[in-house]
Amino acid sequence: MSTAAISAALWVLAATGTAFLPMRRQYAPGLGLLLLAPGLILWLGAAHGWGWSVAALLGFLSMFRNPLRYLWRKARGEGGET
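For the sequence shown, the numbering used here begins at 2 and goes up steadily by one.
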């Protein structure tokens with residue numbers, strides 16, 4: 002298994018572990034995972050092809066849909082409420 006695939010699997014385990022934390026303790030690790038994901042997705046795509054990169058992107062968007070929706074609204078000046 003490649004280093005990119007192992008890193009992606011560890012990222013998924015870290016994201017799952019973060020989801021089990023109480024909400025107030027999810028912010029720091031969740032932000033780190035959110036910032037790390039695009040580079041990891043690109044690395045996975047470069048190592049294994051665009052299909053795996055698309056699959057990883059869909060999984061990422063599914064896991065972080067609410068924070069991404071909040072950031073999108075905040076960036077557009079809509080207040081950011083969920």
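Derived from the structure by calculation, the hints contain no laboratory data.
One or more hints might be untrue.
What the hints assert, rightly or not - With beta-carbon atoms standing in for the labels, derived distance ranges:
no.: 1; residue 1: Leu11; residue 2: Gly50; range: 30 to 36 Å
no.: 2; residue 1: Gly52; residue 2: Ala76; range: 28 to 34 Å
no.: 3; residue 1: Leu43; residue 2: Pro68; range: 29 to 35 Å
no.: 4; residue 1: Ala76; residue 2: Met2; range: 33 to 39 Å
no.: 5; residue 1: Gly33; residue 2: Arg74; range: 32 to 38 Å
no.: 6; residue 1: Asn67; residue 2: Leu11; range: 31 to 37 Å
no.: 7; residue 1: Ala47; residue 2: Arg74; range: 15 to 21 Å
Just so it is clear, CB atoms sit at the ideal spot from N, CA and C, and this is done for glycine as well.
For each hint, the structure was consulted:
At roughly 20 Å, the beta-carbon separation of Leu11 and Gly50 lies outside the given 30 to 36 Å, and the hint is violated. One distance hint, 28 to 34 Å for the beta-carbon pair Gly52 and Ala76, holds here, with the actual separation near 29 Å. Roughly 20 Å separates the CB atoms of Leu43 and Pro68, a value that falls outside the hinted 29 to 35 Å. Taking 33 to 39 Å as the suggested C-beta distance range, the pair Ala76 and Met2 conforms, at roughly 37 Å.
One distance hint, 32 to 38 Å for the beta-carbon pair Gly33 and Arg74, is violated here, with the actual separation near 22 Å. A beta carbon spacing of about 23 Å between Asn67 and Leu11 contradicts the range 31 to 37 Å that was offered as a hint. Against the hinted window of 15 to 21 Å, the Cβ-Cβ separation of Ala47 and Arg74 comes to about 32 Å, which falls outside the hint.
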